[in-house]
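Asker: In case you want the letters, here they are:
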Amino acid sequence: MPSPSVAAPLAPSLELRAAVADLYAEYGDVLDGGDLDAWPELFTDPCLYLVQPRENHDAGLPLATTRCESRGMLKDRAYAVQKTQMYAPRYLRHVISLPRIMAVTAERIAARANYAVFETALDEPTRILNVGRSLDLIVEDGGRLRFRERICVFDSGLVPTSLIYPV
Amino acid sequence: MPSPSVAAPLAPSLELRAAVADLYAEYGDVLDGGDLDAWPELFTDPCLYLVQPRENHDAGLPLATTRCESRGMLKDRAYAVQKTQMYAPRYLRHVISLPRIMAVTAERIAARANYAVFETALDEPTRILNVGRSLDLIVEDGGRLRFRERICVFDSGLVPTSLIYPV
Amino acid sequence: MPSPSVAAPLAPSLELRAAVADLYAEYGDVLDGGDLDAWPELFTDPCLYLVQPRENHDAGLPLATTRCESRGMLKDRAYAVQKTQMYAPRYLRHVISLPRIMAVTAERIAARANYAVFETALDEPTRILNVGRSLDLIVEDGGRLRFRERICVFDSGLVPTSLIYPV
Numbered sequence: 001m002p003s004p005s006v007a008a009p010l011a012p013s014l015e016l017r018a019a020v021a022d023l024y025a026e027y028g029d030v031l032d033g034g035d036l037d038a039w040p041e042l043f044t045d046p047c048l049y050l051v052q053p054r055e056n057h058d059a060g061l062p063l064a065t066t067r068c069e070s071r072g073m074l075k076d077r078a079y080a081v082q083k084t085q086m087y088a089p090r091y092l093r094h095v096i097s098l099p100r101i102m103a104v105t106a107e108r109i110a111a112r113a114n115y116a117v118f119e120t121a122l123d124e125p126t127r128i129l130n131v132g133r134s135l136d137l138i139v140e141d142g143g144r145l146r147f148r149e150r151i152c153v154f155d156s157g158l159v160p161t162s163l164i165y166p167v
Numbered sequence: 001m002p003s004p005s006v007a008a009p010l011a012p013s014l015e016l017r018a019a020v021a022d023l024y025a026e027y028g029d030v031l032d033g034g035d036l037d038a039w040p041e042l043f044t045d046p047c048l049y050l051v052q053p054r055e056n057h058d059a060g061l062p063l064a065t066t067r068c069e070s071r072g073m074l075k076d077r078a079y080a081v082q083k084t085q086m087y088a089p090r091y092l093r094h095v096i097s098l099p100r101i102m103a104v105t106a107e108r109i110a111a112r113a114n115y116a117v118f119e120t121a122l123d124e125p126t127r128i129l130n131v132g133r134s135l136d137l138i139v140e141d142g143g144r145l146r147f148r149e150r151i152c153v154f155d156s157g158l159v160p161t162s163l164i165y166p167v
Numbered sequence: 001m002p003s004p005s006v007a008a009p010l011a012p013s014l015e016l017r018a019a020v021a022d023l024y025a026e027y028g029d030v031l032d033g034g035d036l037d038a039w040p041e042l043f044t045d046p047c048l049y050l051v052q053p054r055e056n057h058d059a060g061l062p063l064a065t066t067r068c069e070s071r072g073m074l075k076d077r078a079y080a081v082q083k084t085q086m087y088a089p090r091y092l093r094h095v096i097s098l099p100r101i102m103a104v105t106a107e108r109i110a111a112r113a114n115y116a117v118f119e120t121a122l123d124e125p126t127r128i129l130n131v132g133r134s135l136d137l138i139v140e141d142g143g144r145l146r147f148r149e150r151i152c153v154f155d156s157g158l159v160p161t162s163l164i165y166p167v
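Chains as they are written, first to last, in the numbering used here: chain A, 1 to 167; chain B, 1 to 167; chain C, 1 to 167.
Hint data in this document are derived by calculation from the structure and do not stem from the laboratory. Misleading hints may appear alongside valid ones.
Stated by the list, open to error - Simulated restraints on C-beta separations:
hint: 1; chain 1: B; residue 1: Ser70; chain 2: C; residue 2: Ala88; range: 51 to 61 Å
hint: 2; chain 1: B; residue 1: Ala110; chain 2: C; residue 2: Gly142; range: 22 to 32 Å
hint: 3; chain 1: C; residue 1: Glu124; chain 2: A; residue 2: Leu63; range: 32 to 42 Å
hint: 4; chain 1: C; residue 1: Ala110; chain 2: A; residue 2: Glu15; range: 37 to 47 Å
hint: 5; chain 1: A; residue 1: Gly72; chain 2: C; residue 2: Ala88; range: 13 to 23 Å
hint: 6; chain 1: A; residue 1: Pro125; chain 2: B; residue 2: Gly33; range: 38 to 48 Å
hint: 7; chain 1: C; residue 1: Gly142; chain 2: A; residue 2: Gly72; range: 47 to 57 Å
hint: 8; chain 1: A; residue 1: Thr66; chain 2: B; residue 2: Gly33; range: 16 to 26 Å
hint: 9; chain 1: A; residue 1: Ala103; chain 2: B; residue 2: Asp37; range: 16 to 26 Å
hint: 10; chain 1: B; residue 1: Thr105; chain 2: A; residue 2: Thr66; range: 23 to 33 Å
hint: 11; chain 1: A; residue 1: Leu158; chain 2: C; residue 2: Arg108; range: 19 to 29 Å
To be verified - Listing some non-contacts, in silico: residues in chain B with all C-beta distances to chain C over 12 Å:
hint: 12; residue: Arg67
hint: 13; residue: Pro99
hint: 14; residue: Gly142
hint: 15; residue: Arg144
hint: 16; residue: Leu158
Just so it is clear, the structure is predicted and the values come from calculations on it, not from any experiment. By construction, the Cβ of each residue, glycine as well, lies at the ideal position given by its N, Cα and C atoms.
Modelling step: build the complete structure from the supplied sequences, incorporating the hints.
Answerer: What follows is the structure, encoded as structure tokens:
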């Protein structure tokens, strides 16, 4: 069998693919580990982090449950979650699919991945918090890959009142 | 540490592994994106697409909830889902595990992956629709990889009445 | 774009990354396939296999729902599950995230992955059994990679009475 070339027009190198996979793996691990201070470092500054219901996204409506446009806004968000908001203790757990690299240029990588986030509140069984797809632009910045854009489009039309932690 | 050789008798190249991962990532993405017209293109023609409860599969019984043996049958199925069937609007979301490559020959790749499919109906919380394993034969066809066989064996003995979309 | 070097101090080769991914994929596949006799072979001898609630793990408390320190103990556990314990028939299904390689030395690889395990009992819908993270030490042993340590830290504070199969 000749070496297959599924992604002929894109041609991300194996090294680049590995670095993209690492970014997704690190993203879920950092959020679930509870160290939200490391989370803004996974984005460029400025950036776009958007969490949006699919109905709105598909209709081109701008409403989003979370919107951050700089690392400072991400830090504010992390601080609010850790220090100022009142909520029952809970753990999050991301299971992120294999990312799909859609396009590679000299400047950036367009990629996407499906995700399921599970939530476990104290003394309660684990439940599904949020499932969806992230539509991402990834760039090299400061010697590593970071998200320039991360748009998390979740499937449920119900805006979860308990979407406290980032997805 | 010498370079490990877990899969000595198989020896898929890194490029082939990447192409297999891409096929699985594309498969979930295409189905969940709702563009079912692109779904049959991920199979060869003829092909075998089977969705089967695990009890039947393990017992060697042929009963399957879905069986398609050509790209035309897949197109019929996609058309029926999109145009002729009556059901409440819903979104599907696949989270597919790392595929496991079982054997590689000059003609084909035997691989398998675990999957969880989540379903979100309008104004309802997300729930688990179907979990299981796909047993796949993958071939190069028309310059890319496609499924020659995809047998989705799902764990629940209950045949879901709402298994409308492909898994 | 220059070749990104996200993991500069670690620098696992692409071949090593592939072998690590294979180990995780095989692990879930072997457990879910129901052939528990193959499961101890994925560990070194001696080893450490620990299943522990996150509250205990984070507090440094040793309590674990399962602890095995040799391949013999793993075999005992597999035998008990298959032959001596009484429970309703059920299937398990692992969906394991992309592993994150944390450190590589000449002797071992530190890696971790998020997991969700689903359970399907006879004639019941599939439910979430256990989600969490495995903290793993992987070594080359007998020509392939095996777990020297696998610590599964699960999120729910409730010790599941039905955690019969390994995770």
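Asker: List, from low to high, the hint numbers that the structure doesn't satisfy.
Answerer: 1, 4, 5, 6, 10, 11, 13 and 16
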